[in-house]
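J.: In case you want the letters, here they are:
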Amino acid sequence: MLRILIAALFASHVLAAQDHELRFADADIHESTGNEDQRGRAEFLPSGDFTASRQSVRQLIARAYALRESQVVDVPDALADARFDIYARAPEAASAFDGPKMLRRLLADRFGLVVRDEQRKQPAYTLSRSGRRLGRRLHEATAHCTPMPGSVIDTTREPSNDVNECRQAFGWNGSTIYIRQSRIADLVRLLELELRSTVVDRSGLTGKYDPTCSPQASVPAGRSRPPVCWTTRCSKRSATSSVSS
Amino acid sequence: MLDDPLFEAIRDQLGLELKPTTIDLQVVKVVALRRP
Chain R
1043 MLRILIAALF
1053 ASHVLAAQDH
1063 ELRFADADIH
1073 ESTGNEDQRG
1083 RAEFLPSGDF
1093 TASRQSVRQL
1103 IARAYALRES
1113 QVVDVPDALA
1123 DARFDIYARA
1133 PEAASAFDGP
1143 KMLRRLLADR
1153 FGLVVRDEQR
1163 KQPAYTLSRS
1173 GRRLGRRLHE
1183 ATAHCTPMPG
1193 SVIDTTREPS
1203 NDVNECRQAF
1213 GWNGSTIYIR
1223 QSRIADLVRL
1233 LELELRSTVV
1243 DRSGLTGKYD
1253 PTCSPQASVP
1263 AGRSRPPVCW
1273 TTRCSKRSAT
1283 SSVSS
Chain L
216 MLDDPLFEAI
226 RDQLGLELKP
236 TTIDLQVVKV
246 VALRRP
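One line per chain: the protein sequences are R and L, in this order.
The opening position of the first sequence corresponds to residue 1043 in this note's numbering, with each subsequent residue numbered one higher.
The opening position of the second sequence corresponds to residue 216 in this note's numbering, with each subsequent residue numbered one higher.
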């Protein structure tokens, strides 16, 4: 009898806790239309609001549970390719910190999502150094920069040459990898997006890296800033010409 | 796959190497899901 009483008390406590969990005040969810090649994006705003465009269910679940996409398995085929646009408004008491938990609740309420934690053997890649020397496009960053809040990461195109050299950027344009003020962990994120697989960093490289350009050697006299350069051509050009090109 | 342009760029431009492997990974298995 005592056990039943304790179980009942525990169950009511759990239900009460769930009722007091923060949840989005309202959410507009609809299936994406338009250009299928267009990249999606999703973010939690400082208010806790959640905005997403062209996100797959796998991407939404990964964001809600702070996982990589490759860690979300067994998404039903019928929904695997579907993309969704979402705008979910958070309650006043919420902040971006509460976002993932509220998104988990939203997915459960609106998508009927039920998940289970498992351990699985998964194909992946290791990233390691191929030799003692770094490649020609990987140099330790020389600019002394204060990290900029909300650094822009655009993996779809190369940035213009006149942007601040302290802004973080990295990307892959189909033939060239560029890295600026970025860590190997950022490169790993890029590779995971491109390969749709987990990448384990075994490079042992720390610090920040910039594109090549033999930094100090090509800085014109009287100029203290290291060059900003983006193409493979820049290693043969002066800093001035690479910036103005 | 290993002669893919990305793998070549990683090797030739960065001096790094991507190798396939298998790892034990904590995953989230989707048990139930429906269209909203």
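If you are wondering where the hints come from, they were derived from the structure by calculation, not from laboratory data.
Mixed in with the good hints there might be a few duds.
[What the hints assert, rightly or not] DSS-like, lysine-lysine: derived pairs with alpha carbons at most 27 Å apart:
| id | chain 1 | residue 1 | chain 2 | residue 2 |
| --- | --- | --- | --- | --- |
| 1 | L | K244 | R | K1250 |
| 2 | L | K234 | R | K1163 |
| 3 | R | K1143 | L | K244 |
| 4 | L | K244 | R | K1163 |
J.: Now, for every hint given, state plainly whether the structure supports it.
T.: Here's how the hints hold up against the structure:
With a C-alpha separation of about 35 Å, the suggested pair K244/L and K1250/R falls outside the 27 Å cut-off, and the hint is violated. In summary, the hint linking K234/L to K1163/R is supported, as the alpha carbons are separated by about 16 Å, within the 27 Å threshold. With a CA separation close to 18 Å, the supplied pair K1143/R and K244/L stays within the 27 Å bound. Proposed proximity of K244/L and K1163/R is supported: the alpha carbons are some 13 Å apart, at most 27 Å.
Violation of the numbered hints given earlier is confined to hint 1; every other hint is satisfied by the structure.
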